[in-house]
Amino acid sequence: MRSALPPPKSATDLLMQRAETAGRKGEADAQPTLREVFSETVTDGAALAFMLAQLNPAKGPVLWVSDRLSRREAGVICMAGLDPKIDILRVDVSRSVDVLWAMEQGLGCATLGAVVGEVWGDPPALDFTASKRLALRSEAHAVPAWLIRRAGHANLSAARARWRLSSLASLPNADDMHAPGQPLWHAHLFRSRWGTPGDWVARAR
Amino acid sequence: MRGEDKLPVLPFPAPNASHTPPDTPIKATDTADMLAHAIEALQRAMAPKPADPRAGDVPAQGDGRDCVEEDSFTPVGEPRWRGAASRRQTDSAKTSTPKTGTPKDGRMDVASRAFTPTDKDPLARRITALHFPRLTINRWQRHMDRTGQAPPPEIPIALAVEGSHGPVVHATNRAADQTGVHIGARVVDMRALCPELQVEFADVGGDQAALKRLMLWVRRWCPWSALDGPNGLILDTTGSDHLWGGEAAMLREIEGKLSTLGLETDLATAPTHGAAWALSRFGGVREVCLADELAQRTAPLPTAALRLQGDTVLLLKRLGLKTVGALADVPRLSLARRFQRAELGQNPLLRLDQMMGRMGEPLQSPDDPPRFSVQSNLAEPVLDPEPHMPDMAKELCAGLHAQGCGARRVTLTIYRTDGDVDRISVATSQASRDPAHILRLFDGKLERLNPGFGFDLITLDASVVEHVQRVQTRIEGGTDGGAELAHLIDRLSAKFGAENIRRPAPRDSHVPERREGWQAAMAPDGASLPAHTRPRPLRLLQPPEDIRVLYAVPEGPPAQFMWRRLTHKVVRFEGPERIAPEWWRDRPGTRLRDYYRIEDQNGCRYWLFREGIAGDGRGGAPRWCVQGIFA
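Line order of the protein sequences matches chains S and G. Just so you know, the first sequence maps onto residues 1 to 205 in the numbering used here. Just so you know, the second sequence maps onto residues 1001 to 1631 in the numbering used here.
Read the hints as simulated data drawn from the structure, not as lab findings.
Quick list of the computed label-pair ranges, beta carbon to beta carbon:
id	chain 1	residue 1	chain 2	residue 2	range
1	S	H153	G	A1402	53 to 59 Å
2	S	V201	G	E1466	53 to 59 Å
3	S	T41	G	E1577	22 to 28 Å
4	S	D87	G	R1585	26 to 32 Å
5	G	M1144	S	P8	55 to 61 Å
6	G	M1144	S	D87	40 to 46 Å
7	S	P8	G	P1369	36 to 42 Å
Pairs of lysine-lysine, DSS-like flavour, derived with a Cα cap of 30 Å:
id	chain 1	residue 1	chain 2	residue 2
8	G	K1495	S	K59
9	S	K85	S	K59
10	G	K1495	S	K9
11	S	K132	G	K1445
12	S	K132	S	K59
13	G	K1394	G	K1445
14	G	K1212	G	K1257
15	G	K1495	G	K1445
16	S	K9	S	K132
17	S	K9	S	K59
18	G	K1394	G	K1495
19	S	K85	S	K9
20	G	K1495	S	K85
21	S	K132	G	K1495
The C-beta atom is built at its ideal place from N, Cα and C for all residues, glycine as well.
Given the sequences, and given the hints that come with them, work out the whole structure.
Next up, the structure:
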C-alpha cells in the first residue's frame, strides 16, 4: 500500500515553470538545480560554508559524496561544526566517476534535501554531458545538487550557476579585538544561466 | 537442496482452537466431571449388555469420536476430513457386528474418558525424550574449545547466574561435582568448599536459543519435535524408527550425533510423553519401552519421575509413596479425592494418567520457520544467470509476500557443471520484497561470478528475512520517504560496500577526532549529542598535519606558521582552548592540547593546536599541528 512518488518533471514542465518565474527576481535562484562552487585555494573553507549557508536542513537528509583525494587533502566533514539540524548521509568513494554515479543515484531520490559532491581536480569524467545529466536530473526531481571543486579549472560545464569563493578578513569581534569575528567571503558568480554574473561580499545569516 | 537429509514434513491437523491444551490447569469442575464419568463407566461395565447394540452404539460413537479427535494425533499426517471419512466407513462396516461401548482391555476400566474400540490405541505412539543434563556446561566447554582457551577437565568449573543474594551456581562440570559443588548453591559458599573453583557467568538466553535451534535440527530423525522444559526435547518418532534400523539403533545414532556436537544426552523411547520423560531421566541407558511393559518398567521409578513439582514429591514421600508403582497401586478414587483441586503439575493422578496413556498429551510441534528459496533447473549449462533472474526474483518476492515477510539479505548461488559452487549476496537496509529493487542490487555484481564451463542450476534465496509492516502512507499521494531512502542506501551499499555509506553517530568526548563517530547507514539510528558551545571547524584533517610554528615559548600563541610549504602569518587568533587527554582511555604519556582558532593574512581560518608544553616532562619540544578548517 505504498503511494506513488510524484512523477519526475518533464522538459515541458520545466520550461513552463521557468517561463513563469523568469521575470520575478530571486525565484530562479531558489530553484533546485546543479550549482558548482570553486574554491580559490585548496584549504579554504569559504566554498563549503557558502554552500552550507544555502542548504535547507528541514527538507531532508543531505547525501554527501566525496572522493579520496578531497578527503585526504581537504579533510572530512566535521559534524561538530555543522548545524545540528542537518542530517548527513556520507558516502566515501575513491574515484571521481563514482562521485558522479552516486550523485546521480541520489538525485533520483526526491526525499533528499540536497546532494553534495566533492571532486578533486579536473577529472575527464566530469565533462559537459555528465554535468548536464546531473543538472537535468536535479531539476526533474527537485533536489538541489552542489559540486564542490577544488584544484580544478572552470572547464565546460552545464551547471546553471558557477561560483568562485575565497575568504576575506573577518568582521571585528566585539568581545575580543584579537579574535576573528564573523566570517566574510568573496563570492564571484562567473557563469549564470538565469541571473547576471557579479561579485559580492557575502556573510552567513 | 539444503534439506536433502530432512524428511518431508507431512501436514497434520492443527490443534483445534476450541480445545484446551493439556498443560492448562484442570478446573475443579472438570475433576468432578471426570469422577462422575468414572462412576458412570463403572456402572455401565457392570450393567448387562443392551439388547440392540446398533441403536445405542452409533450416537455414542459419534460423540466419542468428536471429543477424542480433537486431541488425537494422526501420526501419518492424514488430513482430518479424510481420516474422519475413512473412519466413518469402517464404522458403518463395523456396525454389522454387535459390540459394546466398553473398552477391549483392562487398561481403560476406570478411565475418566471411556475409550471405544474404534479409537486409535493411545499407546500406539512412540515418543522419544532427550534430556541434556549438562547443556550449559557442554555449550560453554565447546565455546572454549573453539576459542582455544579450554581448561583441562580436572579443574572444577561452575557457571553462575545472578541470584537475589549474589551469584548462584547454575551449572557445574564433573570435577566440580566431585568436590561437592551443587547447583542452586551460592557461589561464595561453594568457593569456601572448593577454593580452586573457577566461576564464569552462564549464558542462559543463549542456551535457550541453542535448544530451539537443536529442536529444529533433530527433525532429521522425525518430523515432529518440541521443547520440553529448559534442558529437554521431545520427539514423536512414531513410524520413523525403521528408517534408522529400529529404535535401539536410532537412539544410538541420535546419541552419537549429539555427542559430536559436544552434548551429553540421556534418552529413552516410550509410548507416552510421561513415560519417555521419566525413563530418560531416571531409567537406564537408551531405554526402549514397549506398550505392554509400560507399567512394569515405570513401576520402580521414583515419584519425581512423574514431572511433579517439589512440594508434591515431598508430600508423596511423607505419605509413604516412593515409587510410581506404589502410587499406581493406590485406589484411583482416593487419589482423585486427595488431589481434587491440585493443578496438573501437582496432581499425581493426572500425571500418572498421562504416563500410562489414559490421558492424551499431544505433542505440539512448532512449524518449521519458512524458507524462501527458488531455483531454476536449466536444460543446458549457461554462462550468464541474468536472463533467469527476473522470473526468480518475482517468484521469490511472491513467496515473501504470501508470508508477509521481506528479505534483508538475498543470495544467488550457481552450481557449476564441474561441481563447483559460487555465490553472491546482497543486503538491504529495510526488509524488501520488490523484485525490481532486488534485481537492481545485483547490477554489476554478476560479473564477479565465475561461471567456469557453465552452470545448470541457479538458486536465489532470502537468507535473512524480516516481517514487513504494511504502512499506509498519506492518501493524497505524498512521498514515502523512508522506503525511497532505504532503496538508495541499498544501491549505494551494493556498489561501494556498506562500510562506506555512513551516518553520524557522535561519541561523547572532548577530543575532536574522537567525537566524530560514524556508523554504517544500514545500522539502526544511534544517539545524538547536543550541539557544541565552542566554535568548531567545518572540516577536520585526518590525521592532523604537522606544521612549523613561530611562537613565544613556552605557552604563547602562534605568530607565523609553515604548512604545506606555504607561510601563513597569523593576523588574529582566539585561544587557547585547552583539551586535556582522557586519562581513562589514553596512554599515560599523552600530552594535553592547546587549541587556537587563527586567521591568516588571506583571511583563511584554521584550527591549530600545540600538543604539550615545553618542560611538562612528557617528551621534548611540543608539536604543532593544524587540525581543522573554519568557514
